[in-house]
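Chains as they are written, first to last, in this note's numbering: chain C, 1 to 209; chain L, 1001 to 1209.
Think of the hints as simulated: they come from the structure by calculation, not from any bench.
Owing to the predicted nature of the structure, the values given are computational and were not obtained by experimental measurement.
Check before you lean on any hint, since a few could be wrong.
Below are the DSBU-like pairs computed for lysine-lysine, each with C-alpha atoms no more than 30 Å apart in a straight line [to be verified]:
| id | chain 1 | residue 1 | chain 2 | residue 2 |
| --- | --- | --- | --- | --- |
| 1 | C | K107 | L | K1202 |
| 2 | C | K14 | L | K1208 |
| 3 | C | K62 | L | K1202 |
| 4 | L | K1020 | L | K1058 |
| 5 | C | K202 | L | K1020 |
| 6 | L | K1202 | C | K14 |
| 7 | L | K1200 | C | K25 |
| 8 | C | K84 | L | K1200 |
| 9 | C | K20 | L | K1208 |
| 10 | L | K1084 | C | K14 |
| 11 | C | K14 | L | K1107 |
| 12 | L | K1197 | L | K1025 |
| 13 | C | K208 | L | K1058 |
| 14 | C | K14 | C | K25 |
| 15 | L | K1121 | C | K202 |
| 16 | L | K1025 | L | K1014 |
| 17 | L | K1014 | L | K1170 |
| 18 | C | K170 | L | K1202 |
| 19 | L | K1197 | L | K1020 |
| 20 | L | K1208 | C | K62 |
| 21 | C | K197 | C | K208 |
| 22 | C | K62 | C | K14 |
| 23 | C | K189 | C | K200 |
| 24 | L | K1200 | L | K1189 |
| 25 | L | K1107 | L | K1084 |
| 26 | L | K1121 | L | K1107 |
| 27 | C | K197 | C | K20 |
| 28 | C | K208 | L | K1025 |
| 29 | L | K1062 | C | K208 |
| 30 | L | K1197 | L | K1208 |
| 31 | C | K84 | L | K1014 |
| 32 | C | K107 | L | K1197 |
| 33 | C | K202 | L | K1058 |
| 34 | L | K1121 | C | K200 |
| 35 | L | K1200 | C | K170 |
2 protein chains.
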Amino acid sequence: MNLIESLNQRYASKMMNGTKIPEEKFQTILEAIRLAPTSLGLQPFKVLIVENQALKDKIFEKAAPGQPQIPTCSHLLIFAANRKITRDMLDEYFELIEATRDLPAEKLLAYRNIMNGLVDKSEEQNFNWAARQTYIALGFGLVSAALLGLDSVPIEGFSASVLDELLNLKEQNLGSVTMFALGNRDEEKDYNAKLPKVRKSKEYLFVKL
Amino acid sequence: MNLIESLNQRYASKMMNGTKIPEEKFQTILEAIRLAPTSLGLQPFKVLIVENQALKDKIFEKAAPGQPQIPTCSHLLIFAANRKITRDMLDEYFELIEATRDLPAEKLLAYRNIMNGLVDKSEEQNFNWAARQTYIALGFGLVSAALLGLDSVPIEGFSASVLDELLNLKEQNLGSVTMFALGNRDEEKDYNAKLPKVRKSKEYLFVKL
Chain C
1 MNLIESLNQR YASKMMNGTK IPEEKFQTIL EAIRLAPTSL GLQPFKVLIV
51 ENQALKDKIF EKAAPGQPQI PTCSHLLIFA ANRKITRDML DEYFELIEAT
101 RDLPAEKLLA YRNIMNGLVD KSEEQNFNWA ARQTYIALGF GLVSAALLGL
151 DSVPIEGFSA SVLDELLNLK EQNLGSVTMF ALGNRDEEKD YNAKLPKVRK
201 SKEYLFVKL
Chain L
1001 MNLIESLNQR YASKMMNGTK IPEEKFQTIL EAIRLAPTSL GLQPFKVLIV
1051 ENQALKDKIF EKAAPGQPQI PTCSHLLIFA ANRKITRDML DEYFELIEAT
1101 RDLPAEKLLA YRNIMNGLVD KSEEQNFNWA ARQTYIALGF GLVSAALLGL
1151 DSVPIEGFSA SVLDELLNLK EQNLGSVTMF ALGNRDEEKD YNAKLPKVRK
1201 SKEYLFVKL
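Using the sequences and the hints given, assemble the complete structure.
So this is what it looks like as structure tokens:
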């Protein structure tokens, strides 16, 4: 199936049927998320994977009672951004760059100087910036799932503070940003499955300068 | 080519060769961006398209002197998020929903009530939320370009305030968030073209709960 056809067929599944998606497809989605670019290449987040039913139920009950796709999905991903960009984090990142790329010390130093600026910013600025990067990766996950013919839905409607406490995210320098449920739709109970897609027109959305 | 192969081949092109990409591929990328989901479906942004060379040069000189891919790209997209979510914007959106979907008035009202909450939030909260949504669309653009074998690069390193003033974005209730350059790499001068990709390992990025 081609890209645009796949994207037209995907929709925000609000009720899944509890069945598992194939492991190979799930791994492809994770790999696409891993390959997503981020500003300065830092990938300032973790992606938490929830397959355990009791934990999905708990997240649904405590943090996202309006989202019945959570207990019925196959895999729930939680995109959790770093709250603070630390010097340790940058040290680790530069070790990775040096292990991967044969770059002159001068170029590495210039790059490091730009990145050091992040450490001096406030936690709020760091988190806002890191959170934005998770949405690129979410986009990669969404397109991948569509191309693989799987149902998926991004979820912003949850209490981040409740979820962070439930999973001890703050202690890990993380804050939950979005969730992403993957699975197979419940054909009968998913109200959204039969609705036509609502999107602004090309003429509205794009402005040629 | 398959998805993961395409994503492995894409990279942040820092120098393009000034040639145009095929119009059909460009339109496919725009359509993918248009189909990207957003929170509550609002698509609170515009995507500005710059093909004019003089304007690309001006943006490079005034707002993004560190980004030589801007004057050398084929098409520059600017993702500009809405600064304030207004009641008029919601009215327009609900007209679109009603024209597209045959929904019961009760369901529409409940949905509208949730969305009205956005209008009561501050401009800063609105903009931060809207800005995040543009990154999903950016992700869709990035994957599409990779699948189509085009070079592309997301750009955060520019002065948003200078760009906003240059394009009178504030007056249009918009604020620039990211740019996205599409084109064909300059094989010789693009330092990035030959470097291996740096990405955190699967074991680091993903945490199974």
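Here is what the structure says about each hint:
no.: 1; hint: C/K107 / L/K1202; result: holds (27 Å)
no.: 2; hint: C/K14 / L/K1208; result: holds (23 Å)
no.: 3; hint: C/K62 / L/K1202; result: holds (29 Å)
no.: 4; hint: L/K1020 / L/K1058; result: holds (19 Å)
no.: 5; hint: C/K202 / L/K1020; result: holds (21 Å)
no.: 6; hint: L/K1202 / C/K14; result: holds (29 Å)
no.: 7; hint: L/K1200 / C/K25; result: holds (20 Å)
no.: 8; hint: C/K84 / L/K1200; result: holds (18 Å)
no.: 9; hint: C/K20 / L/K1208; result: holds (16 Å)
no.: 10; hint: L/K1084 / C/K14; result: holds (28 Å)
no.: 11; hint: C/K14 / L/K1107; result: holds (15 Å)
no.: 12; hint: L/K1197 / L/K1025; result: holds (25 Å)
no.: 13; hint: C/K208 / L/K1058; result: holds (16 Å)
no.: 14; hint: C/K14 / C/K25; result: holds (21 Å)
no.: 15; hint: L/K1121 / C/K202; result: holds (28 Å)
no.: 16; hint: L/K1025 / L/K1014; result: holds (21 Å)
no.: 17; hint: L/K1014 / L/K1170; result: holds (28 Å)
no.: 18; hint: C/K170 / L/K1202; result: holds (22 Å)
no.: 19; hint: L/K1197 / L/K1020; result: holds (26 Å)
no.: 20; hint: L/K1208 / C/K62; result: holds (20 Å)
no.: 21; hint: C/K197 / C/K208; result: holds (25 Å)
no.: 22; hint: C/K62 / C/K14; result: holds (18 Å)
no.: 23; hint: C/K189 / C/K200; result: holds (27 Å)
no.: 24; hint: L/K1200 / L/K1189; result: holds (27 Å)
no.: 25; hint: L/K1107 / L/K1084; result: holds (25 Å)
no.: 26; hint: L/K1121 / L/K1107; result: holds (23 Å)
no.: 27; hint: C/K197 / C/K20; result: holds (26 Å)
no.: 28; hint: C/K208 / L/K1025; result: holds (17 Å)
no.: 29; hint: L/K1062 / C/K208; result: holds (20 Å)
no.: 30; hint: L/K1197 / L/K1208; result: holds (25 Å)
no.: 31; hint: C/K84 / L/K1014; result: holds (28 Å)
no.: 32; hint: C/K107 / L/K1197; result: holds (16 Å)
no.: 33; hint: C/K202 / L/K1058; result: holds (26 Å)
no.: 34; hint: L/K1121 / C/K200; result: holds (23 Å)
no.: 35; hint: L/K1200 / C/K170; result: holds (21 Å)
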